[in-house]
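Asker: Protein chains in written order, with our numbering: chain Z, 1 to 153; chain U, 154 to 435.
Warning: the hint list may mix true and false statements.
Which chain U residues face chain Z? A few, computed with CB under 8 Å, are given here [claimed, not checked]:
no., residue
1, L225
2, R234
3, A238
Don't read these hints as lab results, they were simulated from the structure. As the structure is a computational prediction, the values presented were derived from the model and not from experiment. Just so you know, even glycine gets a beta-carbon here, dropped at the ideal spot from N, CA and C.
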Amino acid sequence: MPYQKIAENLRPLLIKGLPKSKVYKQLAHLNLIANYEGSAYRFNDVSKLELIFKKMNAYGHMGARKFWMNNLRTINFHNPQLPIEVHRVECATKEEQMNCPSVLKVYLKDGQIKSIDCKSKQHQDIMKELVELTKAEKVPEEEIPVLKDEAEK
Amino acid sequence: MYALVRGGRVSLSEGAIASVGGRLFTTSSRTLAPAVKSKKELDAKKAKDKRLERREAKKRLDSKKPAKSSPLFMDISNALRYLRAAEVGRPVKEASISIQTAIISERGTAPLQGAVRFPKPLKETRILCLSLDPEKKQEALDAGATAADDTSFIDAVSEGGAVDLNYDKIIATPDIEPMLRKIARVLGPRGLMPSAKKGTVTNEVGNLISGALGTQPFRERNSNVSLTVGRCDFMDEDVIKNVLATSKAVRDAISGIKSKKPILIGRTVLSSTHGPGIVINF
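Sequences are here, hints too, so could you generate the full structure?
Answerer: Written out as structure tokens, the structure reads:
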């Protein structure tokens, strides 16, 4: 298939407010991976993170999905050795959908398992709770790589 | 009647006078005057050709620039850090890392194609070689077989002991083949039984194994070569080795093609299923 240009108003708005230029947009994407707002933390006391939520957004599962798409990337970027599991549950009937949990399980290094309920919460709030629970250490600004165009510098 | 019939026989191509059931009629082919393109159209075509030519020349020039000059350039281990982060929480099989290389060649040149043999294959094929000849066994191991064994394997299986049968293929040499019938009942249902018909009983062990181990074919499409070189759970070194192997294979394939202008390699992008594309050295 040859490349077809999509009209501007038909393009899916994945992340709003990024620059229009191809290269700048890509740089912005990469910088978002390295430093999503308020999630550049190092989790020294955590041995594993496990996120469970439903496949479709309805009934308060959107926050968990957003947390996965935005915050977990940055957490993985700064904690490459931390295993992160994501389980997306497929629910057929409405009853199952209502009962399906939306939980972030935190396995601490001393053996404790704590969980954060993510139902009907926004991803920023989940992140704040996680930081409070694990007392994570913030990554200093100068250690976060920021990509820039040569010409811009 | 005004139509004239000379000699009673008329070919359609000549005068287009035909007779059907006694009636006479004529047909004439519609002749169009050759389309004369207006000056405007000709100018537009010329300008388009020129634009294409200029674009081609720019591509050639750009490909000579080092990959480092791109604002999206990174070294592979750094790029993998970003890709792994983008691929967080995805199933291992889904999160594959691929490479895309632009190939700049003259129009009309045969598309590039070849095959790579990865040092770290994406899917490991386990092959067992059975032979009485120690030399053959060594040859098999050198070619990449998982294990090589002789009659002791057959005895162990026929006694019903716990033997590792986790193989995708068993290859045997003709000298050991008659002894294998003892354990055909075990190997047969698993599809592992070597037979001459399947081509798994042979003396050329090395060739067979290196062929069976699987080479990844690649082909130029839309002047790009793209290939899956790894998964997100691979080590950095493994991915780098695979990228180097691909680079070598592509260069080999290029040297085998004849064309007026040399075929150039453009920029190479490392990407993952859900991740961004990052320019790397190739």
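Asker: For each hint, tell me whether it holds in the structure or not.
Answerer: Going through the hints against the structure:
1. Annotation: interface hint on L225(U) holds; nearest CB of chain Z at approximately 6 Å, less than 8 Å.
2. The beta carbon of R234(U) comes within 7 Å of a beta carbon in chain Z, closer than 8 Å, and the hint placing it at the interface holds.
3. About 4 Å separates the beta-carbon of A238(U) from the nearest beta-carbon of chain Z, less than 8 Å, and the hint is met.
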